[in-house]
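Once you know that position 72 of the sequence shown is 72 in this note's numbering, the rest is easy, because the numbers rise by one and skip nothing.
Any given hint could be a false lead.
Derived Cβ-Cβ restraints for the label pairs, each shown as a range [what the hints assert, rightly or not]:
| id | residue 1 | residue 2 | range |
| --- | --- | --- | --- |
| 1 | 36 | 71 | 14 to 24 Å |
| 2 | 8 | 97 | 55 to 65 Å |
| 3 | 114 | 91 | 41 to 51 Å |
Think of the hints as simulated: they come from the structure by calculation, not from any bench. Note that CB positions come from ideal geometry on N, CA and C, so glycine has one too.
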Amino acid sequence: MDGDEILIDIPMKVRCLSADVGVREDLGKVAFMRGPVCYCMEEADNGKNLHLLRADTERLSEITAESSRELGHEMRILRVPGKRLEEGPKGAGLYHEYVPAVESDAVLTFVPYYAWSNRGEGEMSVWVRG
């Protein structure tokens, strides 16, 4: 009948991927997919300097896929437990004496790759340190 709707609910788990060791730029990094959809991080959600972020690969079971209509249509965004590397000592210069890295907890937000660059200019990355 007119107006009838069929709803199909197919569970899609989030997969954490790594590249072959021959891909130097992605060594030690991970990427995320949900079903056939590749995800990416954007500056709009995660702030500047995406290279300071890493996914906490010990907590992959805590990843959530949440519904969002921010871009005017329904899509799933991923919330991934992670860490943010704190910036080094202020005024220490480009090269300075070694200081152990300090990380703080962070929740990384990933959007579907097809949806990036719809909220202004900013950094984007598919691969994140793991």
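Hint check, failures only: none
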